[in-house]
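K.L.:
Sequence:
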Amino acid sequence: MRLLSPTDLGCGLDVVETGVTFAENARLKAIAYARSYRQWALADDSGLEIDALGGVPGVRSSRFAGLNATDIDRNSRVIELVRGIPDGDRSARYRCAVAIASPKGVIAYETEATVEGFIGHSLRGDCGFGFDPLFVVGPGDTTMAELPGVAKDVISDRGQGGRAARAFLERVVARSES
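Residues 1 to 178 in our numbering are what the sequence shown spells out, letter by letter.
Source of the hints: derived by calculation from the structure; they are not laboratory data.
Restraint ranges, calculated between C-beta atoms of paired labels, are given here:
#, residue 1, residue 2, range
1, S91, R158, 18 to 26 Å
2, A69, H121, 19 to 27 Å
3, D141, D73, 20 to 28 Å
4, A174, L81, 45 to 53 Å
5, A69, K104, 36 to 44 Å
6, S176, H121, 48 to 56 Å
7, E80, G125, 19 to 27 Å
8, D141, R60, 25 to 33 Å
9, R2, G84, 47 to 55 Å
10, I79, T7, 31 to 39 Å
11, I79, S36, 34 to 42 Å
12, P139, T7, 36 to 44 Å
13, R2, P86, 44 to 52 Å
Even for Gly, the Cβ is constructed at its ideal location relative to N, Cα and C.
Given the sequences, and given the hints that come with them, work out the whole structure.
P.N.:
What follows is the structure, given as C-alpha coordinates:
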(Lines of atoms letter the chains of each structure in order from A and count residues from 1; the text may use other names and numbers.)
(Lines give C-alpha, C1' and ligand atoms only; values in the text may rest on other atoms or scores of the structure.)
Protein backbone atom coordinates (compact mmCIF):
# COMPACT_ATOMS: atom_id res chain seq x y z
CA MET A 1 0.00 0.00 0.00
CA ARG A 2 1.30 3.42 -0.95
CA LEU A 3 -0.24 6.64 0.31
CA LEU A 4 -0.19 9.43 -2.27
CA SER A 5 -0.99 13.07 -1.62
CA PRO A 6 -3.01 15.20 -4.04
CA THR A 7 0.31 16.83 -5.02
CA ASP A 8 1.74 13.40 -5.91
CA LEU A 9 -1.21 12.96 -8.29
CA GLY A 10 -0.79 16.41 -9.82
CA CYS A 11 -4.19 17.23 -8.41
CA GLY A 12 -5.88 20.52 -9.07
CA LEU A 13 -9.10 19.47 -7.35
CA ASP A 14 -10.45 22.04 -4.88
CA VAL A 15 -13.25 20.66 -2.74
CA VAL A 16 -15.39 23.31 -1.08
CA GLU A 17 -16.00 22.45 2.57
CA THR A 18 -19.72 23.12 2.89
CA GLY A 19 -20.39 20.62 5.69
CA VAL A 20 -21.56 21.72 9.09
CA THR A 21 -19.51 19.02 10.83
CA PHE A 22 -15.95 17.81 10.47
CA ALA A 23 -17.32 14.42 9.38
CA GLU A 24 -19.39 15.96 6.57
CA ASN A 25 -16.37 17.85 5.23
CA ALA A 26 -14.16 14.75 5.39
CA ARG A 27 -16.83 12.80 3.45
CA LEU A 28 -17.12 15.52 0.80
CA LYS A 29 -13.38 15.49 0.19
CA ALA A 30 -12.98 11.69 0.23
CA ILE A 31 -15.84 11.18 -2.23
CA ALA A 32 -14.62 13.92 -4.58
CA TYR A 33 -11.06 12.57 -4.71
CA ALA A 34 -12.19 8.95 -5.08
CA ARG A 35 -14.52 9.78 -7.95
CA SER A 36 -12.01 12.02 -9.69
CA TYR A 37 -9.10 9.59 -9.50
CA ARG A 38 -11.02 6.28 -9.31
CA GLN A 39 -8.87 5.22 -6.37
CA TRP A 40 -9.34 4.73 -2.66
CA ALA A 41 -9.28 8.17 -1.07
CA LEU A 42 -8.67 9.20 2.52
CA ALA A 43 -9.61 12.68 3.69
CA ASP A 44 -9.83 14.40 7.02
CA ASP A 45 -11.20 17.57 8.48
CA SER A 46 -10.17 18.81 11.87
CA GLY A 47 -10.17 21.80 14.12
CA LEU A 48 -10.50 23.26 17.57
CA GLU A 49 -13.69 23.31 19.66
CA ILE A 50 -13.81 25.60 22.70
CA ASP A 51 -16.63 24.71 25.10
CA ALA A 52 -17.10 28.21 26.58
CA LEU A 53 -17.60 29.53 23.03
CA GLY A 54 -20.18 26.92 22.08
CA GLY A 55 -17.69 24.93 20.00
CA VAL A 56 -16.19 27.89 18.12
CA PRO A 57 -14.08 27.95 16.03
CA GLY A 58 -15.17 24.41 15.08
CA VAL A 59 -15.45 23.54 11.38
CA ARG A 60 -14.42 27.08 10.55
CA SER A 61 -11.13 26.77 12.47
CA SER A 62 -8.95 27.73 9.52
CA ARG A 63 -11.30 30.51 8.37
CA PHE A 64 -12.86 31.96 11.52
CA ALA A 65 -10.43 34.90 11.73
CA GLY A 66 -10.80 35.65 8.02
CA LEU A 67 -9.89 33.92 4.77
CA ASN A 68 -6.32 35.21 4.67
CA ALA A 69 -5.69 34.95 8.42
CA THR A 70 -2.42 33.50 9.67
CA ASP A 71 -1.95 31.15 12.61
CA ILE A 72 -0.97 34.19 14.69
CA ASP A 73 -4.20 35.96 13.64
CA ARG A 74 -6.33 32.93 14.57
CA ASN A 75 -4.59 32.47 17.93
CA SER A 76 -4.90 36.19 18.70
CA ARG A 77 -8.63 35.98 17.96
CA VAL A 78 -9.01 33.02 20.34
CA ILE A 79 -7.10 34.86 23.09
CA GLU A 80 -9.41 37.84 22.59
CA LEU A 81 -12.56 35.68 22.74
CA VAL A 82 -11.56 33.78 25.91
CA ARG A 83 -10.21 36.82 27.77
CA GLY A 84 -11.90 36.92 31.16
CA ILE A 85 -13.00 33.27 31.07
CA PRO A 86 -11.67 31.51 34.20
CA ASP A 87 -9.14 28.70 33.75
CA GLY A 88 -11.62 26.07 34.88
CA ASP A 89 -13.98 27.04 32.05
CA ARG A 90 -11.45 27.01 29.20
CA SER A 91 -11.92 23.36 28.23
CA ALA A 92 -11.39 22.60 24.57
CA ARG A 93 -10.56 19.79 22.22
CA TYR A 94 -9.06 19.11 18.86
CA ARG A 95 -11.41 16.97 16.78
CA CYS A 96 -10.45 15.10 13.63
CA ALA A 97 -12.87 13.26 11.37
CA VAL A 98 -11.45 10.83 8.81
CA ALA A 99 -13.37 9.36 5.88
CA ILE A 100 -12.27 6.78 3.35
CA ALA A 101 -14.11 6.38 0.06
CA SER A 102 -13.89 3.46 -2.34
CA PRO A 103 -12.84 4.03 -5.96
CA LYS A 104 -16.57 4.33 -6.79
CA GLY A 105 -16.92 7.24 -4.38
CA VAL A 106 -18.78 5.34 -1.65
CA ILE A 107 -17.81 5.96 1.97
CA ALA A 108 -16.33 2.71 3.27
CA TYR A 109 -14.97 3.84 6.62
CA GLU A 110 -15.27 6.77 9.00
CA THR A 111 -13.79 7.57 12.37
CA GLU A 112 -13.46 10.54 14.69
CA ALA A 113 -10.82 11.20 17.29
CA THR A 114 -10.33 13.91 19.86
CA VAL A 115 -7.68 15.14 22.23
CA GLU A 116 -8.93 17.04 25.27
CA GLY A 117 -7.23 20.06 26.74
CA PHE A 118 -7.79 23.71 27.50
CA ILE A 119 -6.94 27.13 26.13
CA GLY A 120 -3.88 28.76 27.65
CA HIS A 121 -3.28 32.45 28.19
CA SER A 122 -0.35 32.91 25.82
CA LEU A 123 1.41 31.24 22.90
CA ARG A 124 4.15 28.77 23.85
CA GLY A 125 6.28 26.40 21.81
CA ASP A 126 7.37 26.20 18.21
CA CYS A 127 6.66 22.57 17.28
CA GLY A 128 3.40 22.44 15.41
CA PHE A 129 1.01 24.78 13.70
CA GLY A 130 -2.44 26.27 14.03
CA PHE A 131 -3.66 26.51 17.59
CA ASP A 132 -0.91 24.23 18.98
CA PRO A 133 0.90 27.05 20.86
CA LEU A 134 -2.32 27.90 22.71
CA PHE A 135 -3.76 24.40 23.28
CA VAL A 136 -2.66 22.90 26.61
CA VAL A 137 -2.82 19.10 26.95
CA GLY A 138 -2.29 16.35 29.47
CA PRO A 139 -1.27 16.68 33.04
CA GLY A 140 0.77 19.76 33.67
CA ASP A 141 0.90 22.84 31.53
CA THR A 142 2.33 21.70 28.17
CA THR A 143 1.03 23.05 24.90
CA MET A 144 0.83 20.88 21.79
CA ALA A 145 3.53 23.13 20.29
CA GLU A 146 5.89 22.23 23.13
CA LEU A 147 5.61 18.48 22.51
CA PRO A 148 8.17 16.70 20.35
CA GLY A 149 6.72 15.22 17.14
CA VAL A 150 6.49 11.59 18.31
CA ALA A 151 4.79 12.49 21.59
CA LYS A 152 2.38 14.79 19.79
CA ASP A 153 1.51 12.10 17.23
CA VAL A 154 0.68 9.61 19.98
CA ILE A 155 -1.95 11.82 21.57
CA SER A 156 -3.10 14.02 18.68
CA ASP A 157 -6.52 13.71 17.11
CA ARG A 158 -4.97 13.37 13.65
CA GLY A 159 -2.51 10.74 14.86
CA GLN A 160 -5.33 8.68 16.38
CA GLY A 161 -7.55 9.08 13.31
CA GLY A 162 -4.68 8.28 10.95
CA ARG A 163 -3.77 5.07 12.80
CA ALA A 164 -7.39 3.90 12.72
CA ALA A 165 -7.65 4.66 8.99
CA ARG A 166 -4.39 2.84 8.31
CA ALA A 167 -5.66 -0.26 10.12
CA PHE A 168 -8.81 -0.21 7.97
CA LEU A 169 -6.82 0.19 4.74
CA GLU A 170 -4.44 -2.61 5.71
CA ARG A 171 -7.47 -4.92 6.14
CA VAL A 172 -8.77 -3.88 2.71
CA VAL A 173 -5.39 -4.58 1.10
CA ALA A 174 -5.08 -7.92 2.92
CA ARG A 175 -8.54 -8.99 1.68
CA SER A 176 -7.73 -7.98 -1.90
CA GLU A 177 -4.50 -9.96 -1.84
CA SER A 178 -6.12 -13.16 -0.56
